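Asker: The chain contents come next:
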Amino acid sequence: MSTVALTSARRIAWRRRRRSAAAAWRQYRSNRAGMVGLVVLVLFGLLALAAPLLADHAGLAAVNSTQNPVWASPSEFHPLGTDHLGRSVWTQFVWGSRISLLIGLTATVLAMVIGTLVGIVSGFFGGRIGGVLMRITEWFLVIPFLPLAIVLAAVLGPSVQSIILVIGITSWPATARVIRAQVLTVKERLYVDRSRALGASSGHLMGRHIMPNIAPLILANTTLTVPIAILSETTLSFLGLGDPTRPSWGKMLEEAFAAGALSEHAWWYYVPPGLGVMLVVLAFVLCGNALEEILDPRLREQRA
Amino acid sequence: MSARFVTGKVLGSLVTLFFVICFNFFLFRVVEGDPVASLFRGRNLTVTQREALTKQFGLDGSTGEQFVRYLEQTAHLNLGRSYATNQPVSKEIASKAWATIALVGISTLLSTVFGVLIGIAAAWRRRTKADYTATTFTMATYAMPDFWLGMLLLSFFAVTLGWFPVGGIEDASSNATGVAHLADQAKHLFLPCLTLTLAYLGEYALVMRSSLLDTMREDYLVLARAKGMREILVRNRHAVPNALLPVVTIIAINFGFVLSGAIAVEAIFSWPGLGLATYDALNGPDLPMLQGLFLLFSAAVIVFNLLADLLYASLDPRVRTA
Numbered sequence: 001m002s003t004v005a006l007t008s009a010r011r012i013a014w015r016r017r018r019r020s021a022a023a024a025w026r027q028y029r030s031n032r033a034g035m036v037g038l039v040v041l042v043l044f045g046l047l048a049l050a051a052p053l054l055a056d057h058a059g060l061a062a063v064n065s066t067q068n069p070v071w072a073s074p075s076e077f078h079p080l081g082t083d084h085l086g087r088s089v090w091t092q093f094v095w096g097s098r099i100s101l102l103i104g105l106t107a108t109v110l111a112m113v114i115g116t117l118v119g120i121v122s123g124f125f126g127g128r129i130g131g132v133l134m135r136i137t138e139w140f141l142v143i144p145f146l147p148l149a150i151v152l153a154a155v156l157g158p159s160v161q162s163i164i165l166v167i168g169i170t171s172w173p174a175t176a177r178v179i180r181a182q183v184l185t186v187k188e189r190l191y192v193d194r195s196r197a198l199g200a201s202s203g204h205l206m207g208r209h210i211m212p213n214i215a216p217l218i219l220a221n222t223t224l225t226v227p228i229a230i231l232s233e234t235t236l237s238f239l240g241l242g243d244p245t246r247p248s249w250g251k252m253l254e255e256a257f258a259a260g261a262l263s264e265h266a267w268w269y270y271v272p273p274g275l276g277v278m279l280v281v282l283a284f285v286l287c288g289n290a291l292e293e294i295l296d297p298r299l300r301e302q303r304a
Numbered sequence: 001m002s003a004r005f006v007t008g009k010v011l012g013s014l015v016t017l018f019f020v021i022c023f024n025f026f027l028f029r030v031v032e033g034d035p036v037a038s039l040f041r042g043r044n045l046t047v048t049q050r051e052a053l054t055k056q057f058g059l060d061g062s063t064g065e066q067f068v069r070y071l072e073q074t075a076h077l078n079l080g081r082s083y084a085t086n087q088p089v090s091k092e093i094a095s096k097a098w099a100t101i102a103l104v105g106i107s108t109l110l111s112t113v114f115g116v117l118i119g120i121a122a123a124w125r126r127r128t129k130a131d132y133t134a135t136t137f138t139m140a141t142y143a144m145p146d147f148w149l150g151m152l153l154l155s156f157f158a159v160t161l162g163w164f165p166v167g168g169i170e171d172a173s174s175n176a177t178g179v180a181h182l183a184d185q186a187k188h189l190f191l192p193c194l195t196l197t198l199a200y201l202g203e204y205a206l207v208m209r210s211s212l213l214d215t216m217r218e219d220y221l222v223l224a225r226a227k228g229m230r231e232i233l234v235r236n237r238h239a240v241p242n243a244l245l246p247v248v249t250i251i252a253i254n255f256g257f258v259l260s261g262a263i264a265v266e267a268i269f270s271w272p273g274l275g276l277a278t279y280d281a282l283n284g285p286d287l288p289m290l291q292g293l294f295l296l297f298s299a300a301v302i303v304f305n306l307l308a309d310l311l312y313a314s315l316d317p318r319v320r321t322a
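Heads up: the protein sequence lines correspond to chains A and B, in order. Read in order, the letters of the first sequence correspond to residues 1 to 304 in the working numbering. Read in order, the letters of the second sequence correspond to residues 1 to 322 in the working numbering.
Chain A with its partners taken away, still in its complex shape (with noise of 0.2 Å):
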């Protein structure tokens, strides 16, 4: 009798939270801007998915590029030119956008776990761990963070790796202030204390009630985090600490700015890199300002 109860409250929050999806994104589709952002991105992760299909990987070795004409500009044989070595633009642009996106989400990935952890147990636990956690919070965010990532970018040694390190431990604070917010606010709330009152631990507690209130927020925030995550990890990797064997488009824009491009006249090589970082991070923005007037409504009425 009782599982019965048990499986039907579960059956029936199951069947809200889907009905409250499927609101959602029908809310989202009529938001014009933030529909244009998703197609951008599905473009771009289509191209980086697909880069084996549209370009050989072996073209941005020098020495597969020798028989190709240098700073040749775009063509036929070369949609985006050649660069100072013989390599196709093309080629470097479609393999850089994997590293770039990768870089970008994994970082934030990483950033989205710290936060809302910090977020979660300063919030819903308070006392000396939550103060001293809001501490370091606080701490992080007046560090500056440019001079920081290179610092720590320089001591870790250029490789992919380490500049998702360094994004992701520089860029947590914000997050973890936003969603420490959130469950002070919900932790309040009635349904919490009954379930308390019923004897449920701290664990089931956040899990079960916790969780799913601040998730969309999550979401909200992963989206506005990422173009920061990819400017950043542009900068980083133009200042030369970007991995050499793994070229993003920050390092092709650092390869061009120091291989001469600008005297060259050689748009084709530093505009499309350029035009590519800030196309997603354009999209991301979009999209996260898409769900953030979903899940604010009063926002709505602002950007409108």
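Keep in mind the hints are simulated off the structure, nothing from the lab. Note that the structure is predicted; figures quoted are calculated from it, not measured. Take the hints with a grain of salt, since some may be wrong.
Which chain A residues face chain B? A few, computed with CB under 10 Å, are given here [what the hints assert, rightly or not]: (1) R135; (2) T234; (3) L286.
So these bits of chain A aren't anywhere near chain B, every CB distance computed over 10 Å [said to hold, decoys possible]: (4) M35; (5) G45; (6) A51; (7) A62; (8) W71; (9) V113; (10) M206; (11) T235; (12) G240.
We treat Cβ as the ideally placed atom computed from N, Cα and C, and that holds for glycine.
Knowing the structure of chain A, use the given hints to seat chain B on it.
Answerer: Chain B alone, transformed into the frame defined by chain A:
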């Protein structure tokens, strides 16, 4: 503002500054295996030379002793010597600070003024073509890597059109003085300054726009209009001053960050400031220089954050009790 509020904020900032100093010491201890060896790689050093150099770089004694000595020296603004030039780091930084302060100061000023004006115009003409254009433009400049924007401007205005020099702070071959010298420097300043202005402007415009839109729903604007006040006065006397509050805080906070924000842009334009110094120190690597710059950048952020807090509290009485 109560004395207690101010003291609390100041003490908090000092604690943060102390953390940064400690962090700075230990972080660079991790990276430096043996700087003397890496600096004089391939050269034969006698034992006495080695010892002298170790001492000169402050690397003798235990970590604890080094830490105490580091704290003492930092308190006296002695940040060690640059590996690259063998000059004191503090002297190197001081000589380069002016170029950055000029560049970043002017761009911050311009971007604040234009950003706020664009934000006001966009909010007041909400949902018109002007609003959409302004918002799209500011979003686009926000989404660009700032140094890429610099590369585009440099390639077009300096390389293709030849209107501006491609880099540096002055024409090395000319020995102009007085006004001509200043004009030469202004010409060199133009492109990096335009880049940073455009790069910073977007955030101010977007924040000002949304803040003004919030204010526009307030009852006191309805009252002002009901009194028969002209629309322009409603805007300038009632809406804008209240909407400026969050923007002022952001400006104050960003002031601290701008010092370090121009690293890549300075590198693009070879602007001989702290950003280019960071870039060069990274490529050295010149660790004492990097350490000193990091300390300065962090201190700037902490100081301006403190100022932002105090400014906000004096402008908005509600914050003081929070």
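Asker: It remains to establish, for every hint, whether it holds in the given structure.
Answerer: We went through each hint and held it up to the structure:
1. R135: The hint holds - R135(A) has a Cβ within 10 Å of chain B, the shortest such distance being about 9 Å.
2. T234: holds (5 Å)
3. L286: holds (8 Å)
4. M35: holds (16 Å)
5. G45: holds (18 Å)
6. A51: It holds; A51(A) is separated from chain B by about 22 Å at its closest Cβ, greater than 10 Å.
7. A62: Non-interface label on A62(A) holds, nearest chain B Cβ at 22 Å vs cutoff 10 Å.
8. W71: Its Cβ never comes within 10 Å of chain B, the nearest being 14 Å, so this holds.
9. V113: For V113(A), whose nearest Cβ neighbour in chain B is about 23 Å away, the distance exceeds 10 Å, so it holds.
10. M206: It holds; M206(A) is separated from chain B by about 28 Å at its closest Cβ, greater than 10 Å.
11. T235: violated (5 Å)
12. G240: G240(A) is in fact no farther than 10 Å from some Cβ atom of chain B, at 6 Å.
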